[in-house]
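Chemist: Line by line, the protein sequences give chains A and B. Here the numbering used here is used: the first residue of the first sequence is 2, the next is one more, and so on. Here the numbering used here is used: the first residue of the second sequence is 15, the next is one more, and so on.
Check before you lean on any hint, since a few could be wrong.
In silico contact screen, one side only, chain A against chain B (beta carbon under 8 Å); selected entries [stated by the list, open to error]:
| hint | residue |
| --- | --- |
| 1 | Pro-227 |
| 2 | Ser-230 |
| 3 | Ser-244 |
| 4 | Glu-246 |
| 5 | Phe-250 |
| 6 | Gly-255 |
| 7 | Ala-263 |
What the hints contain is simulated information worked out from the structure, not anything from laboratory work. Source: prediction; values computed, not measured. Note that the Cβ used here is the ideal one computed from N, Cα and C, for glycine as well.
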Amino acid sequence: MRGLVLFVLLALMGVGVGLMLIRPQPLSESDIAGITGDAKRGQAIFTAAGCASCHYRPGATDDEKLVLAGGQRFASDFGTFIAPNISPDPVHGIGNWTLAEFGSAVMRGVSPDGSHYYPAFPYTAYALMEVQDMADIHAYILTLPASDTPSAAHEITFPFNNRLAAGAWKFLFFDPQFATPESDDPQVTRGRYLSEALAHCGECHTPRGALGNLDMTRWLAGAPNPTGSGNIPPLTPGQLEWSAEDIAFYLETGFTPSYDSAGGHMAAVVENFSKLPPEDRAAVAAYLKALPGG
Amino acid sequence: MKLIASAVVAAVIASAGIASAQEFKDQLKARQGQFNIIALNLGVLGGMARGNIDYDADRAQAAADSLAGIAMVDPAALWVEGSDNISIDGTRALPAIWDNFDDFASKWGAYVTAANAMQAAAGTGLEAIGPALGALGGTCGACHDLYRAPQ
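Isolated chain A, as found in the complex (with noise of 0.2 Å):
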């Protein structure tokens, strides 16, 4: 009888151990001091990181794409995310969120409710952003168009459907750092600032392990297509022969070396980089010339 009291006290002490391991930890407020939105500058940011991508509404176009309504759909081995609605609707996007509560989504994966959001949402490079960046991509998204378009729920299987789950990902492979060495050389660090935290180019192009991690020894080496068809390329200088101007021409137009021309999601990449700076074109380019692997 004491034994099994002791077992059950064991277990619900390991079960509370292991709850608390896995706690939504969001920003506190220290870490948003003093830091104040600035949409001008937001813009550009908001532009790098690619959010208006995966959550503009399917098959919009022009200036519906900064109609942040959500409703693309993602497919993965775990089931199918659907992107929600971001923009600054007070009741179905975010116009009511504190900068605390975006800063804890989008650099902690955790919702103002104190839920975790699952990694397709790409917080696990966002954390990388400086803080000051978040706070200005806020400030832009609230100058953005409303939409009342409710947010559709994922459509995930069990028992990955339990945002639990997530907090045991997020235990096991939420590590913020960045993937590469600092470099000496300024347009590198931009560069890897720009791809690993700002693009998420990871996201597609680093192979991914059983539980959806990201193979770090493997970083952007090129990985099967999560929507099952075909491969993403690889970046590595040893698989991708372009050259530094071919990378930042393509990232302009959308145009490889031999003029066939982006598709898939990368089309979005491409539309988002060709309106940015020349400097910051060529910054990615520098950064993927200089990754291991060539």
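Using the hints provided, position chain B relative to the given structure of chain A.
Modeler: Chain B alone, transformed into the frame defined by chain A:
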């Protein structure tokens, strides 16, 4: 008997599959040839824009004329229903083309507009090529984004 019947049915279905791939052979060749002509001529203009090829107004104009010529090919003859990548091999054309054919046609229309703009610009000087090329690239990407399967 039933076995033979189902074998016959299976054979008919299989040969129907082969027949349809055969049926669209000319359309696939035409589509892919069309894109190759676009790529080769973009290569001339892009090479000039990047400074890898010396600017020559006549050569730039000839490349742009070719792009505009391709723009005159009627897409209806090439993009025949049933010639998508689920139905047949040898193409990356997604079935979504035929689910949204009006949108697909308007995206081709955007290429036509951009190719005509390039035709007007290419002979006037090197500095006119870059922006026209960017606009053209945007029209390629806009269509590939929705209607072409990844490699």
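Chemist: Indicate, hint by hint, whether the structure satisfies it.
Modeler: Hint check results:
Against a cut-off of 8 Å between C-beta atoms, the interface hint on A:Pro-227 is violated, since the closest Cβ of chain B lies about 10 Å away. Proximity of A:Ser-230 to chain B holds as hinted, the smallest CB-CB distance being about 6 Å (cut-off 8 Å). For the restraint placing A:Ser-244 at the interface with chain B, the shortest Cβ-Cβ distance is roughly 10 Å, beyond the 8 Å limit, so the hint is violated. For A:Glu-246, the interface hint holds, the least distance from its beta-carbon to any beta-carbon of chain B being 7 Å, beneath 8 Å.
Annotation: interface hint on A:Phe-250 holds; nearest CB of chain B at approximately 6 Å, less than 8 Å. A distance limit of 8 Å between C-beta atoms decides the matter here; for A:Gly-255 the minimum to chain B is near 4 Å, and the interface restraint holds. Against a cut-off of 8 Å between C-beta atoms, the interface hint on A:Ala-263 holds, since the closest Cβ of chain B lies about 5 Å away.
Comparing the model with each earlier hint shows violations of hints 1 and 3; every other hint is respected.
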